[in-house]
Amino acid sequence: MEIVGRQVWPTLAASIGIIFMLSWDEYIVAWFVSGFDKTYPVHIRNMLESTMSPEIHAAGILVALASGAILLLSARLLTLKTND
Numbered sequence: 239m240e241i242v243g244r245q246v247w248p249t250l251a252a253s254i255g256i257i258f259m260l261s262w263d264e265y266i267v268a269w270f271v272s273g274f275d276k277t278y279p280v281h282i283r284n285m286l287e288s289t290m291s292p293e294i295h296a297a298g299i300l301v302a303l304a305s306g307a308i309l310l311l312s313a314r315l316l317t318l319k320t321n322d
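In terms of the numbering used here, the sequence shown is residues 239 to 322.
Calculated directly from the structure, the hints in this document are not laboratory data.
All values reported here derive from a predicted model rather than from experimental measurement.
Ideal Cβ positions, reconstructed from N, Cα and C, are used throughout, including at glycine.
Each hint should be verified, as a subset may be incorrect.
To be verified - Simulated DEER-style distance windows between Cβ atoms: (1) W247 - G298: 28 to 34 Å; (2) Q245 - L300: 15 to 21 Å; (3) I241 - A304: 32 to 38 Å.
Produce the complete structure using the sequences and hints provided.
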């Protein structure tokens, strides 16, 4: 079991990262199309219509950095799998 675990771990970890990225995207889309009055995406849209606040840019950068970090980690784990 230990040998199989070592072979499967990088692929499993990379798959979890990719699944998280896809789920995050679906979650954001669901927020935009939901009927709730004050979801975070609706709040951002309202802020964009009224004023251009630096908080919007900061939130976008943080989300992009987190997504990119997860994507790079997933790619790194996949390359570890192919190098072993």
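Checklist line | In rising order, the numbers of the hints this structure does not comply with | finding: 2
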